[in-house]
Amino acid sequence: MPRGAHPDRPLLSRFPLAGDVPGRGAGRGGVASRSWLRQDLGLLIGAAGTSVVGALLVWSATNEAAGTAYLVRHLLNTAIGIALAVAVSRLGQHGLRLVAPWLYGAAVLGLVAVLTPLGLTVNGSRSWIPVAAGFTLQPAEFAKLGLALVLGFVFADRWERGVAPGGRDVAVGWALAAVPVVLILAQPDLGSAVVLGALAYVVIAVAGASRRWVVGIAALAVGLLVAALTTPLLSDYQRDRLLAFADPSADPQGIGYQTRQVRLAIGSGGWTGQGFMEGRQTQGGFIPFQLNDFIFSVAGEELGFLGAAGLLVLLSFIVIRVFVVAGRSRDAFGRFVGVGVGTWLGFQVFQNVGMNLGVMPVTGLPLPFVSYGGSSMFASWLAIGVVNAAYAAGQRPRS
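According to this note's numbering, the sequence shown is numbered sequentially starting from 610.
Note that these hints are calculated values from the structure, not bench results. Among the hints, erroneous ones may be present.
[What the hints assert, rightly or not] Simulated DEER-style distance windows between Cβ atoms:
(1) Pro897 / Phe744: 18 to 26 Å
(2) Val681 / Leu707: 35 to 43 Å
(3) Gly936 / Ala828: 23 to 31 Å
(4) Gly714 / Arg777: 18 to 26 Å
(5) Gly893 / Val681: 21 to 29 Å
(6) Leu718 / Phe744: 17 to 25 Å
(7) Ala688 / Gly879: 18 to 26 Å
(8) Leu650 / Leu685: 22 to 30 Å
Here the structure is a predicted model, which means the values were calculated and not measured. Note that the Cβ used here is the ideal one computed from N, Cα and C, for glycine as well.
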């Protein structure tokens, strides 16, 4: 790839960042200080609506055992997530670019802390840090946002100068991705590690990496997957989850049982479902961890094909809108971060729904905005805030 300006890739640096235009700096009462108020309402409404649907599904999955306890917590997590999104969008593109390395570093420190005595092991994976009153944090969720930000930070400057990333730049990008991936595999959490790998792969490819890097990394990913299935890289529990999707009889008392129950629930929903809080599998408590990994099965059983398809439309709208905002971003940082966020959310939706339908292995990834869990909800809404910062910057009048 030639270096220097390229006719098909216009320089983005001609568009000023927040605070670069006189009279528009933060704290001067100018346009940039109010740009965070320019929010993508469609994206916000889509994410909020999906979170509400998720709250109802979580309520249905837990009503028999816990009443409204999980419903209240899910709504509280949503409210906190929205507040975090507003706070992040208030930073603006320039502020996010400045703090990106620090946020990435904080996420890595959290992943290290998980592997110390501070960490909590659940279902064979040491992925959580207890906080208080039964609440826990999962640093792997925040590592996804941290990686998207730091990769945007690394590649934006060269793109804005019209310089294609060289081998050294690509190596730096992959080294930044490898640190959280290795720490997450040590937990072990293959699902989150794969999401981070996909995020890095797409961002680095979009940033202009040469074809040999793109093809080489894809081949390496295939090799790592084979190693995960054939070596002690993963725990027996994690390996069983991967293999049981193809042959549920391989673990009939564990994940094999779970996947059979999920398929039975979704298959019994028909076109219109058995009715909200009327699903036999859901209300009978036959599906372990249904409020987390397998929340989509509640929609399939109780709302039927039409309801589950409607939920997928909402999730698809969020992902597509994120990519649209990224494509319209006036600077490279917003573009690359948006691409990273869109890849993360899109891949996670595909993986979660796929494992519910039995076409993807079970990796324990939550469904963004829908599954119960504070860390997933906070990270998903923080991602919305970051994308809205790019949207707000794109709405500023040009000088």
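Original post:
Does the Cβ-Cβ separation between Gly714 and Arg777 fall within 18 to 26 Å?
Top reply: The hinted range 18 to 26 Å holds for Gly714 and Arg777, with Cβ atoms some 21 Å apart.
**OP:** State, for the Cβ atoms of Leu650 and Leu685, whether the hinted interval 22 to 30 Å holds or is violated.
**Re:** About 23 Å separates the Cβ atoms of Leu650 and Leu685, which means 22 to 30 Å holds.
**OP:** State, for the Cβ atoms of Val681 and Leu707, whether the hinted interval 35 to 43 Å holds or is violated.
**Re:** holds (37 Å)
Subject >> Whether the CB-CB distance between Pro897 and Phe744 falls inside 18 to 26 Å >> reply: holds (21 Å)
Subject >> Range agreement (Cβ of Phe744 with Cβ of Leu718, hint 17 to 25 Å) >> reply: With Cβ atoms ~19 Å apart, the hint holds.
Original post:
Does 18 to 26 Å hold as the CB distance between Ala688 and Gly879, or does it fail?
Top reply: violated (35 Å)
Original post:
Would you say the C-beta atoms of Gly893 and Val681 sit inside 21 to 29 Å of each other?
Top reply: holds (23 Å)
**OP:** Indicate whether the distance between the beta carbons of Gly936 and Ala828 respects the range 23 to 31 Å.
**Re:** Hint holds: Cβ distance 29 Å, inside 23 to 31 Å.
In terms of the numbered hints stated before, the structure departs from hint 7 and from no other.
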